[in-house]
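Participant: What follows is each chain in one-letter form.
There are 2 protein chains.
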Amino acid sequence: MASQNRNPEIRKDTVNNRWVIFSPARARRPSDFKSKSNTANPNDNPLENCPFCLGREHECAPEIFRVPPDPSARWRIRVIQNLYPALSREIEPSSSVRGGSPGPGSTGDVAISGFGFHDVVIESPVHSVRLEDLDPAGIGEVLLAYKKRIDQLRCHESIKYIQVFKNHGASAGASMSHSHSQIMALPIVPPTTSARLHSMKEHFDQTGRCSLCDIRSNDLLIDESAHFISIVPFAATFPFEIWIIPLAHSSHFHDIDGEKAADLGGLLKLMLRKMSLQLNNPPFNFMIHTTPFQDTCSQLPYAHWFLQIVPQLTVVAGFEMGTGCQINPVFPEDAAKVLREVRISS
Amino acid sequence: MASQNRNPEIRKDTVNNRWVIFSPARARRPSDFKSKSNTANPNDNPLENCPFCLGREHECAPEIFRVPPDPSARWRIRVIQNLYPALSREIEPSSSVRGGSPGPGSTGDVAISGFGFHDVVIESPVHSVRLEDLDPAGIGEVLLAYKKRIDQLRCHESIKYIQVFKNHGASAGASMSHSHSQIMALPIVPPTTSARLHSMKEHFDQTGRCSLCDIRSNDLLIDESAHFISIVPFAATFPFEIWIIPLAHSSHFHDIDGEKAADLGGLLKLMLRKMSLQLNNPPFNFMIHTTPFQDTCSQLPYAHWFLQIVPQLTVVAGFEMGTGCQINPVFPEDAAKVLREVRISS
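If you read the protein sequences in the order shown, they are chains S and D.
Residues in the first sequence are numbered consecutively from 0, following numbering that gives the first Met the number 0.
Residues in the second sequence are numbered consecutively from 0, following numbering that gives the first Met the number 0.
For the record, the hints were derived by calculation from the structure and aren't laboratory data.
A hint or two may mislead.
A pair counts as met if it fits within one copy or between any two copies, since identical chains are not told apart.
Stated by the list, open to error - Calculated pairs, SDA-like style, for lysine to any residue (alpha carbon to alpha carbon, straight line, at most 25 angstroms):
1. 336 - 111
2. 268 - 154
3. 268 - 236
4. 159 - 23
5. 33 - 222
6. 33 - 169
7. 336 - 31
8. 336 - 110
Modelling step: build the complete structure from the supplied sequences, incorporating the hints.
Facilitator: What follows is the structure in structure tokens.
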């Protein structure tokens, strides 16, 4: 079962239509995998300089809403504008592209205005509280804040897709150590999303089934809750990558209700705690992969949202950049077994 | 002209069919861009432990060839097997896939054996010599070593694509500080390559022209030589990304001859020196993007090889991982201007 006794294998991620190389020769034992850049550094972005902390709200970009909404109560969550947004809510959306479609005499260059929204979700008023430190209902509240902000943004006719993501740790892209996540509303359907939808539709057309509904308990399972399962995907792009998938078919994250949000909060908490324990509190990212809004019907039979968690244990180098193929030294079955067996004292 | 006065813009890389967000709010001034992790660290992987150094050939995996071939002469370049290969030359190539194509009753999981080649090109016998320290003809010899190894590997009927790449600096994925590059021969056409070919063919079908032949001098040009130009691409994925493109239409890198290799060696040297001076010797990757071998005709009218250089100045975070869209804080016109104006004392 140990990776060392295996031959390398190339697996296709049929959800994303990507190849991944599983390469035991480059592996340590899966149980020995630890992050070298533990993010538990009390010195970076310390309390006294943190605009995300309670009482320093005036140092932030404008607030969009808070939870609870009562301005005289102590807030638990704040959704604010990003002070350094990658996209601008203040410029005109492009109706057409500069350069236009390629034709004789055109260089083929295509550009549109960088209209869009880039918000920040402050997950706790307390600097030292990590997302996984909240109780399941508290994490559920953060998830419901994502849902509420998506419901506001998806009404905008120029917005095609909304990406919710969290960067934890400087080497995973976090510029603030105070626990937060981000929401970006885009005027395009991003390439990863298009490729995923195309690939899932192809699976559905060939089999009559949704590829994520097909996943049930097997040697890739880590845990499950009332409404969700957590797995290491068959062709995991990164070592110890985790997907949390709703058991009932659902195209859009924003269809989540309070009960399911708290249930997902519990499973997300468990996954983050297992990852932190097993892998030495690594930098990580999580991303919610949902379905674009331009479809008239809200439920697509082939499109199923999920949450992807990626601990940052490897670097992206020339091979990965050149080919779009990742090299993963840990077989998914081994990663799932290790994560399944992590003991959490509650 | 400064990025700060611009609005964000979303540009399409029509060669690779990818969107890139150009986000001036997240930028320093382009001329202030410096790597924080300068790779000039004399302590990592020191001379006395380096198996790539002259006289320690017995500590390496088997040699494939050396330049010059005479075993009694001092070598300038060695091509060897990778001691920790991501793919194995010793297993059977898959003729079919495990799991098969998705159909009723199948989970849709697809896997093939990890057959392939993973070689290392040691670019100099001297530990402290970087690729850019060699003269143009010396760099040309390294390029001709790539060509020779590709010519050997492309005869193998299971090999569909060969990726040549260089990782410089630990955070760019280099595990050895002695200057080297790598060659991986794959039994699949990688996703980035498929997407690029598809996109270039689409441009050709619509315009009758090759998209890279169309690029000539403009505000994206950095430098040119007898047979090549260097540019920052219109939708550069990363800050200060550079493409070196052959002026005459050519589908395959391995069609390069001695004269063109030395000419490319000179332009590559100039780009690496400019990047090193301007950006504080950053970690970097370069990749040669060529055309798969399964096509019967060696020259495709729409497929044009090029060399991509990427200094590692940013991290890949949740947004980029989730969407496949990069956020680039430096507009290509600004990066090209900065690089054009770097003065090299020769």
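Participant: Taking the hints in turn, state whether each one holds.
Facilitator: Quick rundown of the hints versus the structure:
Only between protomers do residue 336 and residue 111 lie at most 25 angstroms apart by alpha-carbon distance; the minimum there is 22 angstroms, versus 46 angstroms within a single protomer. Taking the shortest Cα distances, residue 268 and residue 154 never come within 25 angstroms of each other, neither inside one copy (31 angstroms) nor across copies (52 angstroms). In this homomeric assembly, residue 268 and residue 236 come within 25 angstroms of each other (Cα to Cα) only inside a single copy, at 22 angstroms, whereas the closest approach across copies is 34 angstroms. Within a single copy, residue 159 and residue 23 get their C-alpha atoms only as close as 40 angstroms, which misses the 25 angstroms cut-off; across copies the closest is 22 angstroms, which meets it.
In this assembly of identical chains, the alpha carbons of residue 33 and residue 222 lie at most 25 angstroms apart only when taken from the same copy (21 angstroms versus 44 angstroms across copies). Taking identical chains as interchangeable, the C-alpha atoms of residue 33 and residue 169 lie at most 25 angstroms apart whether they share a chain (17 angstroms) or sit on different chains (18 angstroms). For a Cα distance limit of 25 angstroms, the shortest separation of residue 336 from residue 31 inside one copy, 13 angstroms, qualifies, whereas the shortest one across copies, 47 angstroms, does not. Taking identical chains as interchangeable, the C-alpha atoms of residue 336 and residue 110 lie at most 25 angstroms apart only when they sit on different chains, with a minimum of 20 angstroms there against 46 angstroms within one chain.
Violated hint: 2 only; the structure is consistent with all others.
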